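Asks: One letter stands for each residue in the lines below.
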Amino acid sequence: MAENIMAHGADHAHDEHHHELPTIFGFWLYLMTDCIVFGTLFCVFAVMRNQFAGGPTGKELFDLQGVGLETAILLLSSITYGFGMISAHKGKSGPLLGWFAITFLLGLSFLGLEIREFSHMIAEGNGPDRSAFLSAFFTLVGTHGLHVTFGLIWMAVLMVQSAGKTVFSERLLNKLTMLSLFWHFLDIVWICVFTFVYLMSVI
Amino acid sequence: MAHAHTNASGESHGSYGSYLIGFVLAVILTVASFAIVMSHSLSPSGTLLSIAALAAIQVVVHLIFFLHMNASSEQRWNVMAFAFTVMFVGILVLGSLFIMHYTAINMMSR
Numbered sequence: 001m002a003e004n005i006m007a008h009g010a011d012h013a014h015d016e017h018h019h020e021l022p023t024i025f026g027f028w029l030y031l032m033t034d035c036i037v038f039g040t041l042f043c044v045f046a047v048m049r050n051q052f053a054g055g056p057t058g059k060e061l062f063d064l065q066g067v068g069l070e071t072a073i074l075l076l077s078s079i080t081y082g083f084g085m086i087s088a089h090k091g092k093s094g095p096l097l098g099w100f101a102i103t104f105l106l107g108l109s110f111l112g113l114e115i116r117e118f119s120h121m122i123a124e125g126n127g128p129d130r131s132a133f134l135s136a137f138f139t140l141v142g143t144h145g146l147h148v149t150f151g152l153i154w155m156a157v158l159m160v161q162s163a164g165k166t167v168f169s170e171r172l173l174n175k176l177t178m179l180s181l182f183w184h185f186l187d188i189v190w191i192c193v194f195t196f197v198y199l200m201s202v203i
Numbered sequence: 001m002a003h004a005h006t007n008a009s010g011e012s013h014g015s016y017g018s019y020l021i022g023f024v025l026a027v028i029l030t031v032a033s034f035a036i037v038m039s040h041s042l043s044p045s046g047t048l049l050s051i052a053a054l055a056a057i058q059v060v061v062h063l064i065f066f067l068h069m070n071a072s073s074e075q076r077w078n079v080m081a082f083a084f085t086v087m088f089v090g091i092l093v094l095g096s097l098f099i100m101h102y103t104a105i106n107m108m109s110r
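Order-wise, the sequence lines are chains A and B. Each step along the first sequence adds one to the number in full-length UniProt numbering, with nothing skipped, and position 32 is 32. Each step along the second sequence adds one to the number in full-length UniProt numbering, with nothing skipped, and position 103 is 103.
Hints are computed from structural coordinates only; laboratory data are not their basis. For clarity, every value in this text was computed on a predicted model and none was experimentally measured. Worth double-checking, as some hints may not be accurate.
Restraint-style ranges between C-beta atoms, simulated for each label pair [to be verified]:
#, chain 1, residue 1, chain 2, residue 2, range
1, B, A32, A, P22, 20 to 30 Å
2, B, R76, A, W154, 37 to 47 Å
3, A, P22, B, I28, 29 to 39 Å
4, A, L105, B, M38, 47 to 57 Å
5, A, V157, B, A104, 22 to 32 Å
6, A, K165, B, L97, 47 to 57 Å
7, B, I28, A, T40, 27 to 37 Å
8, B, Y16, A, L69, 46 to 56 Å
9, A, I115, B, A104, 29 to 39 Å
10, A, L105, B, A104, 43 to 53 Å
Using N, Cα and C, we set each Cβ at its ideal position, and we do this for glycine too.
Construct the complete structure from the given sequences, taking the supplied hints into account.
Replies: And the structure:
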């Protein structure tokens, strides 16, 4: 019995050595904690969504066409990153760099649109200091934008590291996989942002 | 280094097809959400429930097609950690809304 368990245990450890990627799992756990950060910010927004302090409501402020465009850009950047990962697994750095460059530009234009929206609102006196609703809005959407910014910096670094590679080391593939998880995770957070922040404020 | 290769490809990383399927599903769900809100065709509470449901479905679509989450044994701990996080965030959001709603009623601040 004990031997059986031992054998099974050893077998299991062996299996894990082959299939599990502790680095990736560790990064996954980081993403889960990040998920809780966003959950907390969504929670604050949900509680504050009607506290306008006499200021403008979401219905007056939000431009759904702009949000739709941001959503389309981020969704497109998710799939172009995915295509980049496929090239990486095939060991082709040329297509990888091409797909990542497209992803990078899409991410950059998403940020540009977001910054334009924010500066427009602040210029009209509807900055985060206007009401509890706007404080919660800027904190939540701003935190997401900050994540996208760091994702772009990370992507630029990985593009430099991948340039000219014909064989991708396990280490480099791990790095690319982690940014892939990060990038797709940001898209998932954005689904909740456009649904629960923008669309729900406009109903 | 054979096992490095196994490691790298053991992690499922999708294909052009699976990314495209996920993308098309995500586009359909997103367009549906925006259309429901912009057409004002449903009652406010009906709109709220349907876009919340569409968002939940889209999150699952992204998890499966973009983050390659599945029920395989290699992913067991990822899925467990994710389930715990979902439970945690659920308690956080619903609990806060519940508490703040009744606080507001009892303090007559609304």
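Asks: Each hint needs a verdict: does it hold in this structure or not?
Replies: Against the structure, the hints come out as follows:
The hinted window of 20 to 30 Å between B/A32 and A/P22 is violated, with their beta carbons roughly 39 Å apart. A hinted range of 37 to 47 Å for the beta carbons of B/R76 and A/W154 is inconsistent with their spacing of about 28 Å. Separated by about 37 Å at the C-beta atoms, A/P22 and B/I28 satisfy the suggested range of 29 to 39 Å. Separation of A/L105 from B/M38 is about 28 Å and departs from the stated range, judged on CB atoms against 47 to 57 Å.
With their beta carbons about 47 Å apart, A/V157 and B/A104 fall outside the hinted range of 22 to 32 Å. A hinted range of 47 to 57 Å holds for the C-beta pair A/K165 and B/L97, which are about 49 Å apart. For the hinted restraint 27 to 37 Å between B/I28 and A/T40, the CB-CB distance of approximately 31 Å keeps it satisfied. Separation of B/Y16 from A/L69 is about 25 Å and departs from the stated range, judged on CB atoms against 46 to 56 Å.
Checked against the given bound of 29 to 39 Å, the beta carbons of A/I115 and B/A104, roughly 34 Å apart, stay inside it. Taking the beta carbon of each, A/L105 and B/A104 are about 45 Å apart, inside 43 to 53 Å as hinted.
In terms of the numbered hints stated before, the structure departs from hints 1, 2, 4, 5, 8, listed from lowest to highest.
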